[in-house]
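> The residues making up each chain are set out below.
Protein chains: 2
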Amino acid sequence: MLDVTLLGCGGMMPLPNRFLTALLARYNGMSVLIDCGEATQIALRKCGLSPKPIGVMCFTHYHADHISGLPGMLLTMGNAERTEPLVMIGPKGLTQVVASLRIIAPELPFEIICKEIEEQEQTFEFDGMYIDAFRVKHNVVCYGYSIRIPRAGRFDVDAAMQLPIDRRYWGRLQNGETVTVDGATYTPDMVMGPERTGIKVTYTTDTRPTDRIVHYAEGADLFICEGMYGEDDKADKAVEHKHMTFAEAAELAARANPKRMWLTHYSPSLVNPKPFMDGVRRVFANAEPGKDGKNLDIVFAEE
Amino acid sequence: MLDVTLLGCGGMMPLPNRFLTALLARYNGMSVLIDCGEATQIALRKCGLSPKPIGVMCFTHYHADHISGLPGMLLTMGNAERTEPLVMIGPKGLTQVVASLRIIAPELPFEIICKEIEEQEQTFEFDGMYIDAFRVKHNVVCYGYSIRIPRAGRFDVDAAMQLPIDRRYWGRLQNGETVTVDGATYTPDMVMGPERTGIKVTYTTDTRPTDRIVHYAEGADLFICEGMYGEDDKADKAVEHKHMTFAEAAELAARANPKRMWLTHYSPSLVNPKPFMDGVRRVFANAEPGKDGKNLDIVFAEE
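Chains as they are written, first to last, in my numbering: chain W, 1 to 303; chain Z, 1 to 303.
Hints should not be assumed to be uniformly reliable.
Note: identical chains are not told apart, hence a pair may lie in one copy or across any two.
Once the Cα atoms are required to be at most 20 Å apart in a straight line, the calculated SDA-like pairs of lysine to any residue come out as [stated by the list, open to error]: (1) Lys242 / Asn79; (2) Lys242 / Ala105; (3) Lys115 / Asp127; (4) Lys291 / Pro16.
These are computed hints drawn from the structure, not numbers from a lab. None of the values given here were measured: they were computed from a predicted structure.
Please put together the full structure from these sequences, using the hints given.
Given below as structure tokens:
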């Protein structure tokens with residue numbers, strides 16, 4: 001149902017074998033891209049994915065490694081003859097940053113709609129998909145994101161049969177509409193069971209650990225979390241640059257208890273994350289090192 | 001003496017196996033970069049080259065595929081603790097374009113000196129290396145570049161022996177200084193043979209064929225020329241978008257007669273340039289298809 005691909009797992013600068021951290025999530029024919037650093041369009045293409053269906057782009061913050069690929073991506077979308085408007089979500093300043101970068105991509109065949117995040121926590125809705133932006137703790141204003149697909153309760157045929165209305169109204173009730181028949185009002189909850197567990201993917205980079213991250217990642221199907229440094233002795237560096245060590249990410253995951261966690265946003269100095277994974281898994285078992293192109297199809301849980 | 005690397009050979013957009021067209025030329029510990037599209041810093045690193053010694057960056061024009069990699073490149077140079085000033089050369093508007101793109105790279109530990117090209121033809125000198133900018137014919141203002149290393153004539157010991165001055169003045173004359181001894185003036189030409197053939201590399205992309213290109217590429221050691229389309233039946237498209245077919249590039253080379261030509265700036269639709277090379281070589285024999293990382297060490301000719 002929700003198909004997610006970690007396009008890159010690097011931080012700071014793109015490397016020959018490690019693209020910059022960015023996430024593509026596909027749902028119902030629409031794609032959401034979170035972050036777009038230099039060469040993200042190459043990473044996308046390398047995964048066999050197209051930029052054309054990207055309907056929403058979210059930016060965590062405006063450090064170059066998270067947005068420098070924007071002008072090229074926009075032009076490539078334009079060359080693919082995209083004409084539908086593109087929504088962008090990001091911290092305050094988005095409109096100005098996009099306008100400034102577009103000095104080299106002034107002409108596009110589609111409209112760009114910038115939505116600047118005004119609050120510490122804010123939710124955006126797109127045809128049944130919800131994007132929660134939540135403020136994290138970096139050296140500039142930075143947000144994490146959860147992409148959620150809620151799932152309605154089961155339709156209760158027995159309850160519907162009890163209502164003194166024709167079957168033809170059932171579909172509207174199931175779709176969440178309130179219906180009035182012969183002066184009486186019928187609400188969806190009369191025929192629908194309790195909301196079932198939906199899908200949630202939480203993505204956060206460029207931050208120190210915070211309680212808010214735990215809250216948003218709680219029970220997620222997938223928690224993609226920055227881990228800039230593998231070595232525990234880089235804890236001071238993590239504090240100084242407002243990033244995390246693998247151990248700190250593991251502790252966040254242990255508290256939020258998602259189904260799985262992928263680490264990402266590795267420092268260029270971290271050549272191989274694997275030697276540090278045993279330590280991470282002692283704290284949170286379902287942890288994996290992110291890598292370029294790592295993909296997961298997330299379906300609704302059986303209930 | 002001059003070591004040149006074609007970092008990429010693509011046009012329009014970077015592809016998984018084809019970086020955007022850019023050239024790195026190294027001479028006497030200093031590097032010149034011509035064009036810096038998205039992912040040029042990855043291409044550089046893939047060739048085992050460092051961005052730190054880049055002292056001059058030249059831009060042909062401000063279409064994204066020639067400059068979108070600039071903010072990332074600057075930050076990577078900053079992270080490498082470069083502190084020496086960086087000179088940039090480009091068409092009018094350079095200062096504004098660089099300032100605009102630097103919205104995501106505002107803090108750098110080195111100064112940037114922008115030199116906007118004012119004339120149709122203009123020469124810049126850097127410690128014995130000359131960069132000629134020459135206007136070409138694209139749908140925006142665009143320049144080609146020649147990088148030249150001139151070579152002084154041979155020192156004529158016999159002629160020097162004839163002069164009534166001490167040997168200790170010879171070195172200054174050889175270095176181009178005029179010397180006055182006992183009221184008499186001695187000029188370098190008295191001891192130096194005629195200027196010998198230097199080194200020249202000419203680079204031009206995003207242009208229709210012009211006489212000026214022939215002039216600048218004349219006798220070059222290496223002529224790097226755009227060839228957007230391999231197929232002759234794309235001649236109309238080349239005219240429309242102000243690019244060249246391989247055949248047109250071959251004709252330019254046949255007129256300019258450089259030692260060798262490399263084609264570059266291939267359209268993403270051109271999967272493999274090789275099938276078109278026989279046709280090119282019928283017009284100009286020493287033609288090769290450019291490819292990512294193609295390298296040549298150019299030394300002074302034996303004379």
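> So, for every hint listed, does it hold in this structure?
A quick look at each hint next to the structure:
{"no.": "1", "hint": "Lys242 / Asn79", "result": "between (38 Å within a copy, 17 Å between copies)"}
{"no.": "2", "hint": "Lys242 / Ala105", "result": "between (32 Å within a copy, 18 Å between copies)"}
{"no.": "3", "hint": "Lys115 / Asp127", "result": "within (17 Å within a copy, 50 Å between copies)"}
{"no.": "4", "hint": "Lys291 / Pro16", "result": "both (13 Å within a copy, 16 Å between copies)"}
Hint violations for this structure: none, all hints satisfied.
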